[in-house]
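Protein chains in written order, with the numbering used here: chain Z, 1 to 301; chain L, 1 to 293.
For the record, the hints were derived by calculation from the structure and aren't laboratory data. Be aware that one or more of the hints could be misleading.
[To be verified] Listed next, with one range per pair, are the computed distances between beta-carbon atoms:
| no. | chain 1 | residue 1 | chain 2 | residue 2 | range |
| --- | --- | --- | --- | --- | --- |
| 1 | Z | Thr55 | L | Arg284 | 15 to 23 angstroms |
| 2 | Z | Ala208 | L | Asp268 | 24 to 32 angstroms |
| 3 | L | Glu221 | Z | Gly45 | 34 to 42 angstroms |
| 4 | L | Arg287 | Z | Leu170 | 43 to 51 angstroms |
| 5 | Z | Thr156 | L | Phe118 | 24 to 32 angstroms |
[Stated by the list, open to error] Residues from chain L that keep clear of chain Z, each with C-beta distances beyond 10 angstroms, as calculated:
| no. | residue |
| --- | --- |
| 6 | Ala24 |
| 7 | Val74 |
| 8 | Leu190 |
Virtual Cβ for every residue (Gly too), placed ideally from N, Cα, C.
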Amino acid sequence: MSGRARRAWTPALCLVAVVALLAMPAGAAAKNGLELDLHLPGSHGYEIEVGGYDTTAFVSASRSVGNPRRLEATSTYIARGKVSATSIEASFGSLGHVSLRFHPNGPVTRTKPRRHCLGPDRYTIRSGVFVGAVRFRGEDGYTTAESHRIAGKSVTPPELVCFDSIASILREFGLQTGKKKKHPKVTRLRADWREAVHATSFEASRKADEATFVAIHQQTEGKLAIYRSAYAKAPAASLGAQTSLSQATVRPPAPFSGTGLFRRDPRGAKLWSGPLAVSFPGEPDVPLTGSQFKTQLTRSW
Amino acid sequence: MLAFALACLLALCLTSAPASADSASVSASPRAAREYWTAARMRAAPALPESRRRAGGPAAGASTAAEAIAEPTVPGTSQNGAVFIVTESGLRGRCSGTAVQAGNRSIVVTAGHCVHDFGHWLTGRWVFVPGYRYGERPLGTFAAEWLGTTPQWRKGENGNFDVGMAVVSRNERGQRLSDVVEADKIAWGLPRRQVFDVYGYPVEEPFDGATLQRCAQTPYEGHDFLSFLTSGPLDLAVDCNVTPGSSGGGWVIRGDTLNGVTSSGYSDDPKTTFGPYFGAAIGRLYREAERAK
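Just chain L, same shape as in the assembly (with noise of 0.2 angstroms):
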């Protein structure tokens, strides 16, 4: 009986065995992709499906409450966009993305925990749409082709490496990410005493998913208590309000530098937004996924 229950222990840590690398090809067309994402299903798609819940309401007393942007297709916003996924169990979910400036012009930075969770990479139909809007994709739809994560986030979810990249395709018009959107340069190693814009496209109350957000000129503010129990560089708290579904966001330096990305909250603290610090892992990562096409 015992020898029984261990096989079966053991099939059931094949199963959900992680992949061995720290990226993942995506074999399916892009094309098959960016059709399955109708204006519906992403209008109806909630964050990630594992989300944990914010309170929801307003942030009482927040000094940093996101704003929408009224315009998010002109030069300097159009770069941050929505990510569409479904995940290994079939189930639809979103988080946000930035694109950056990258020699092969397709490169997506977003949360770890959006290209790869639970021991799966979420190579399911995923996509990026910059400039996203009520359910419209005016500058196009950009299906990934590669799927990158750190090592640190793909063997054990260590929140301080909480930090995922895409190569994307060319869009249904043939074109390059870089082609259409004014892409961010990207920074690692800086001191962590920044002043941040915090983008993203929160989905849960007092948001509805339909416009991109920003939290503006929100400083740092210290380290999430649980950064230290983990190994890596402490991550980054700032005051800001975005819900789930904001998840791989941006946070951008000088107006024109991506130098985080949004990886958790707490649901009784809706105020305060954390991400991991952008370190030499970060670093790698980009490297790789510059290398990648």
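Chain Z on its own, in the form it takes in the complex (with noise of 0.2 angstroms):
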């Protein structure tokens, strides 16, 4: 058996893309991949995102916080359907359902070339409509979003693959370029679950005088694929670990609550233990402890 590892990058990198994008202001072109990229607001405070690519569809609800506004959490439902630059159609099943069609109204605008492309070197922007309707009602309610026109715009291609320098050639081969920065000590607890369909991660790591949380959980659930994730950042007190790296305690602040204890006794065998959850939205106290995770604490140097 094999073909996993391999077969995750391509995907692997448009998510990214959705997780990136989701940062984006509203009305963001689509790129990095993703043939269609809409924003609309959802109830109760949150951020919806409607977008996909060939046969790819999906709808985030993204809730943020703070001021200036940071991203808390997101949950990204996936399914089959049909999207193209200027249409998506596809089923979320008892969430809803996305079928929108662009209609030009603007000025087609080009941006500047790129050199050295291997294919088209430069996007081409239509500005407009997409007409249609979206309907989302995330799990109880959580936010729920109509809409039957959303202003957007229509990019192709979906990315551009140029090499305007040397740099971004070294780039696209994973080579970097440049003096090597000198890296700040990082201490690192992370802790991993998978079964079946489901997988959950927590990672908590602590760099110079901040500490930073990350929970990830994805599932299928029939004919729909749903990824998850949290973030938070709190000051570095909020993740110790001792010295010998036997054992280490978190409380990381909301979207997380509880705390977890990470203790490695004499004879190696790892315990990770305590109420530490994450909500995310649309699934509340998910547990991020027990002994079905693997875990691991680890310090660079």
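With the hints as a guide, bring both chains together as one complex.
Written out as structure tokens, the structure is:
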């Protein structure tokens, strides 16, 4: 058996694009492989994103906090559909459906050409409005969204493959340029659990005077795949670890709750316990500790 | 300088470009391939070199643990076999496969990555050994004369289409494959909710590749998350703890009909195995294999 690692990279890039695009302002142009990307407001302060590529369509619900706004948690629902730069058609089962078609109503603009491209060398952007229907209701109604007209842009192609500089070529092949930066010491605690078509990951890392926390849960339910993520930052003390790395405690802020305790006994066995949990949109209080998790506590040097 | 770098890049793209067809003929002699695979080489062959490593150790709490088939040469199990491969870079590897009924009596179904991997056809000394056990080849060795896969696997390694087929030559005794094994039927386009017998020759712990293993009567239990991110029919998950080496092993329904193959799994969940759904693309590949000889 093989293949999983290799087949993962292309969609993983797209998923990274999805996550990255969540942080983009409304009305941002599609790129990074997404053929279509639209934003609209949801109820209870959520931002709803609709998009996709090829036969993969998604609806995302994101919750941001603070000032300036910082992304706190997202749930992305992925289904089979038909997606192009000018239309999207997909059903998300009991959560809703999306059926939109683009109607241009503004000028066509072209971006500045890039050099040394494989294929197109610029984006063509058409302003207009997507007409049809978006109906979405998150689990137990944590947010709802409905719209029949969404102002947006049709951007083609979904991405450019260009090599403007030697640095970009080296980057493409995973080779870095420039002087090596001196990295600060990072303490990292990671816990992963995968079973059948569910997977949960938690990572806490402490660098200088700040600790960051990330939780991801992915699952499939029939014809729907769901990807949930949550983020938090806190003072460094919220991840405490002994110098010997035999014990660590995490106390992340919302959307996390509770504490997690990592202990390594003298024989090397790892224990990961405590009431640590995370609340994703539509999936509150997901436990993040227990013997089912595989854990790692490391420190860079 | 940039022009030079671009030239290098182009050269790299060209040298690693996949072949343009979805099948390849094997030019090497079947006899040479059969003779290359000595018992010692077969016993020592690992799972394909690029295989992901599973965590190892028995699957705690697995509800469908694989069990060894004591007699892999009897009708009903002898259609399952081990596949031995030499990669483009000269490394040895192995997969699993199943003989299926066909007009040419010579088709083996396996995983796409067991016939075409990283842009290259695995035409080097590809052999199928039905009923393989402890380095022995009780029913002979069948060398590939033709390899094929789906266009989606060949062009983009889309895991939803990770199926390959081989048309094999006669064995060293001059027998066709379906003359010595009771080949399975093959079916595509069926409902996803099936109960499978999953066969294969897992190499990595807790197995050793020496014997045929079977997860009996394991039902469909959903789709892999990653399957949603590429085009094509969603794949299938089953509860079965096989490890690398079992790639291409048959998923059999109703005791005699091939309706899936093992494609992949995750190293942090040894209990679950994934395989592509057998849809129309698999039917097209099968018909192409039937015409190949």
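Original post:
Which hint numbers doesn't this structure obey?
Top reply: Violated hints: none; all satisfied.
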